[in-house]
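*Asks:* If you want the building blocks of each chain, they are given just below.
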Amino acid sequence: MTLLAARGLARSFGGVEAVAGVDLDVAAKGVHSLIGPNGAGKTTLTGLICGRITPDAGTIRFAGQDITRLPAPARVRLGIAYTFQITAIYPGLSVFDNLALAVQRRVPARGLAEAVQAELERVGLASRAAVRAGALSYGHQRLLELGMGLALGPRLLILDEPTQGLAADEIAAVVPLIREVGAEISVLMIEHNIEVVNALAGRVSVLVEGRVLAVGSPAEIAADPAVRAAYLG
Amino acid sequence: MSGGRASLALHLGVLALLLALGFVLPPYPHANLARVMVLAVYAMGYNLAFGYTGLLSLGHALYFAAGMYAAGLTVRFGVFPAAPAFMAGVAAGGGLALVVGVLALRTTGAAFMIVTLMVAQAGYLAILTFGRVTGGDEGFVLERAARIVGPLDLSQEGPRYAAALALFAGGLLASLALVRSRAGRVLVAMRENPERSRMLGYDPFRWRLLALGLSGAFAGAAGAGYALLFGYVGASFAAIDHSILPLLWVLLGGAGTVLGPFVGTLVMFWLVDAASGITTAPQLVVGAALVALVLFARRGLMGSLRARLVPWLP
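Protein sequence lines correspond, in order, to chains S and L.
Residue numbering for the first sequence follows the working numbering, starting at 1 and increasing by one per position.
Residue numbering for the second sequence follows the working numbering, starting at 234 and increasing by one per position.
Be careful, since some hints might not be right.
[Stated by the list, open to error] Each pair of labels, with its calculated beta carbon distance range:
no.: 1; chain 1: S; residue 1: Ala118; chain 2: L; residue 2: Val505; range: 49 to 59 Å
no.: 2; chain 1: L; residue 1: Val312; chain 2: S; residue 2: Ala5; range: 57 to 67 Å
no.: 3; chain 1: L; residue 1: Ala242; chain 2: S; residue 2: Ala130; range: 15 to 25 Å
no.: 4; chain 1: S; residue 1: Gly124; chain 2: L; residue 2: Ala239; range: 26 to 36 Å
no.: 5; chain 1: S; residue 1: Arg69; chain 2: L; residue 2: Val335; range: 14 to 24 Å
no.: 6; chain 1: S; residue 1: Arg69; chain 2: L; residue 2: Thr341; range: 19 to 29 Å
no.: 7; chain 1: L; residue 1: Glu428; chain 2: S; residue 2: Gly165; range: 14 to 24 Å
no.: 8; chain 1: L; residue 1: Ala410; chain 2: S; residue 2: Glu209; range: 47 to 57 Å
no.: 9; chain 1: L; residue 1: Thr341; chain 2: S; residue 2: Ala28; range: 31 to 41 Å
no.: 10; chain 1: L; residue 1: Leu411; chain 2: S; residue 2: Ala5; range: 36 to 46 Å
no.: 11; chain 1: S; residue 1: Ala135; chain 2: L; residue 2: Leu542; range: 10 to 20 Å
no.: 12; chain 1: S; residue 1: Arg211; chain 2: L; residue 2: Leu542; range: 52 to 62 Å
[Unchecked claim] Over 12 Å on every C-beta distance to chain S, these chain L residues come out as not near it, computed from the model:
no.: 13; residue: Ala407
no.: 14; residue: Asp436
no.: 15; residue: Leu481
Treat the hints as calculated values from the structure; they're not laboratory data.
For glycine and all other residues, C-beta sits at the position ideal for the given N, C-alpha and C.
From just these sequences and the hints, can you work out the full model?
*Replies:* Below, the structure written as structure tokens:
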């Protein structure tokens, strides 16, 4: 079942077509990976989907509803969560407050503390609840960023390079977490680490110069001559 | 939540101390403290927008004056008695802040400062222009008979202090409750990282507008309270320096702390008063104090206290 369907999405920045007519279908469950060389338009495409950027052309439907013109906060309320490539937490607030800001969107005041606790445990930051988020290590900040997206209780979670800058053991901890999430909801993940993509993605879209070059399973993508040509030159 | 209980005890303790001071202070500091409490409500309102939400407005005198003139004029022309006139002042301050906010919040940063400043200047000039109604430059005095609320004659020292304390207590406890609520957390989120907040589903425009509206209602309450308690309404309260004052009070006391606005207002009032006894240029002393603040305690008095000694201070 398709949760998100984009048709003919296009967006230019100063004459450069960052996204040039993209069709994309994302299923209601599973991890869908977006790969492609730098400057292929991956972040712009996810920005169009979550509403941070408005498209020049094209339509986006989410759960059957046309959301092309909806502002970002309204899309979040419909169930589209976005986590930033460059960690965007609240450095001056405690880890608890960071997560509470996401949790309180769906949980009433009475159960807030317990619900935040559950989210803290999910991303393994329970012992850090009272720490100022800015004082966390980089890896923990990435986890918090992921946790804030998850804590919204979304139907579609967009991850922009969730493993970027993480050490090998930290990646090993994040991969099962994303897999678990993907079993329940839809995950659209930009990722450069091809091992992570192979470990998680049921489906891969390859973006090159603002266009979809190929869509398929990781094995199909790996065998695709056009993809090889694009990557290897 | 021991921090929560301790902070409630602290704020109630401050209110109890102020109540006790009302019975023991000699007349001059007694009258000053009543004035400081009313002006602190103005500062607390400013703090909601600036300290918590990160909105640097340079036009809050407009909302103070809106409350002052709404209460003052309705009483002067016999539209309302004092109590409903006060409510009219709160509504005028909050309502005007919402209207200005709808326009000004399309901008951020320096542009926001300039828009709020210009709108407030327009309000100030309007008060001068319509001098036949507003009294213009000279303003007008509210008769004693117009300043009676039930059994309380607000022109008398005791009732005036009690009313000032009640207004202050309302403002302080409302600030405390707001800051500790879910909404308060969102306001701080708007200050800390608006783009992240947008992607958590919080529309920055709406939340900033809410903060500005509440802030304006506080300013309106302070303006209306000032008119009714001290019996004078004048255009100087709408002037630019009266927009800058709450910013200084909040910076001195500690932006983003509940008690900071009161502490800042009190200390500044005392500084000016003390300096006036020594020099004919008391503003010089105030300037020196602010320079010292920027150099040694950038978070303000309560903010520094929180950073160094009392981390649970709200």
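*Asks:* Does each hint hold? Answer for all of them.
*Replies:* Hint-by-hint comparison with the structure:
In this structure the hint that Ala118/S and Val505/L lie 49 to 59 Å apart at CB holds, the actual value being about 53 Å. About 60 Å separates the C-beta atoms of Val312/L and Ala5/S, a value consistent with the hinted range of 57 to 67 Å. Checked against the hint of 15 to 25 Å, the C-beta distance between Ala242/L and Ala130/S comes to roughly 21 Å, which is consistent with it. For Gly124/S paired with Ala239/L, a C-beta distance near 31 Å keeps the hint of 26 to 36 Å intact.
For the hinted restraint 14 to 24 Å between Arg69/S and Val335/L, the CB-CB distance of approximately 21 Å keeps it satisfied. A C-beta distance of roughly 23 Å is found between Arg69/S and Thr341/L, which places it inside the suggested range of 19 to 29 Å. In this structure the supplied range 14 to 24 Å holds for Glu428/L paired with Gly165/S, their Cβ-Cβ distance being about 20 Å. Checked against the given bound of 47 to 57 Å, the beta carbons of Ala410/L and Glu209/S, roughly 55 Å apart, stay inside it.
Under the hint 31 to 41 Å, the C-beta atoms of Thr341/L and Ala28/S, about 38 Å apart, fit the expected range. A hinted range of 36 to 46 Å for the beta carbons of Leu411/L and Ala5/S is consistent with their spacing of about 42 Å. The given range of 10 to 20 Å is respected by Ala135/S and Leu542/L, whose C-beta atoms sit roughly 19 Å from each other. Distance hint check for Arg211/S and Leu542/L: the Cβ-Cβ separation is about 59 Å, which falls inside the suggested range of 52 to 62 Å.
No beta-carbon of chain S comes within 12 Å of the beta-carbon of Ala407/L; the shortest separation is about 17 Å. Against chain S, the non-interface label of Asp436/L is violated: not every CB pair exceeds 12 Å, the least being about 4 Å. Non-interface call for Leu481/L relative to chain S: holds, since the shortest CB-CB distance, roughly 23 Å, exceeds 12 Å.
Checked against the numbered hints given earlier, the structure breaks only hint 14 and satisfies all the rest.
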